[in-house]
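*Asks:* All chains, full assembly: derive it from the sequences and hints.
Okay, here's what each chain looks like letter by letter:
2 protein chains.
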Amino acid sequence: MRVLGIDPGLANTGWGIIDARGSRLRHVSHGSITTSARELNGRRLLTIRRELIDIIRKYKPEIVGIESIYFAKNQTSAIPVAQAMGVVLVTCEELDLRVEAFSPPMIKQAVAGVGRADKEQMQELLRLILGLKDPPRPDHAADALAAAVCRYNYLSPEQTAEGKED
Amino acid sequence: MRVLGIDPGLANTGWGIIDARGSRLRHVSHGSITTSARELNGRRLLTIRRELIDIIRKYKPEIVGIESIYFAKNQTSAIPVAQAMGVVLVTCEELDLRVEAFSPPMIKQAVAGVGRADKEQMQELLRLILGLKDPPRPDHAADALAAAVCRYNYLSPEQTAEGKED
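First to last, the sequence lines map onto chains A and B.
Each residue of the first sequence is one higher than the one before, counting from 1 in my numbering.
Each residue of the second sequence is one higher than the one before, counting from 167 in my numbering.
Possibly wrong hints are sitting among the right ones.
[As the list claims (entries may be wrong)] Partial selection, computed: residues in chain B whose CB lies under 10 Å from chain A: (1) Met167; (2) Arg210; (3) Ser234; (4) Val256; (5) Thr257; (6) Arg264.
[To be verified] The following label-pair restraints were derived from C-beta to C-beta distances: (7) A:Ala11 - B:Ile219: 22 to 32 Å; (8) A:Ser77 - B:Leu294: 34 to 44 Å; (9) B:Lys224 - A:Gly22: 48 to 58 Å.
These are calculated hints, taken from the structure and not from any lab test.
Treat the numbers as computed from the prediction; the structure is a model and nothing was measured.
Heads up, the beta-carbon is just placed ideally off N, CA and C, and yes, glycines get one too.
*Replies:* In structure tokens, the structure reads:
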């Protein structure tokens, strides 16, 4: 099963693709959609939409997990993230992909087994879980891979424990 | 010049169309795109997108004004509004329509001449400004008409004072 993970943001929308079979997870690809602050929000959101469509058409994921907005963060920064999230949700829906949203602690729980783990720990765990040579970068793409792992784990709870570290 | 005003929201996205020539404003149409809380956000956002596309194709506005998120409101309710706003921005951009965003006080200022006016005052002023028989309803559609008036006024500042009440 192919899973797309997304960490939405107006400036940087991370994405990650993994293949999952039983407790085995395999890295396929990851990256970041970057937009310029010199452009208007509508144009930036359209860049996100178009690149996301390209990624979905290329990799053909079956399910999608997205990192949701964390209310602990400040409100001003939540607005552009929510705008990007709205664009991701509507674009996936148009392409018949159901998106499940997960809070950052839920995603950390799924990858690290605990709700609190720092960025370096998460990236090192993703390296191990996904069989990568190096920890995934940049941060938004790593967070997107973690969202994909979380999405898969929530699909099949019986595989969460063993699937993560072999 | 034909102006589209939008008051975005996940449950209700108000829209209003006006025609403006010099200081004369004329009501064309208004309404509200309503989505069901029983549906997932992606599906609700897609309903907003599709109905908005229909409205734009039918009325062919040249410019668009949207009510932006007001930070005085609570953060939880701002997220779905921002998601809807993101969908409106990206959809208009795709259709080559530039959207300008205005805060609620700016919109009230444009319609009522002051940043504070209650809903009933605003709707009665819109009735006068736009030559309607009755105050526009529902609230979201009235707010959208006000956003359209604001958008036009900001386009041509010399017409703000006289254009509103004749």
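*Asks:* Checked against the structure, which of the hints given earlier come out wrong?
*Replies:* 1
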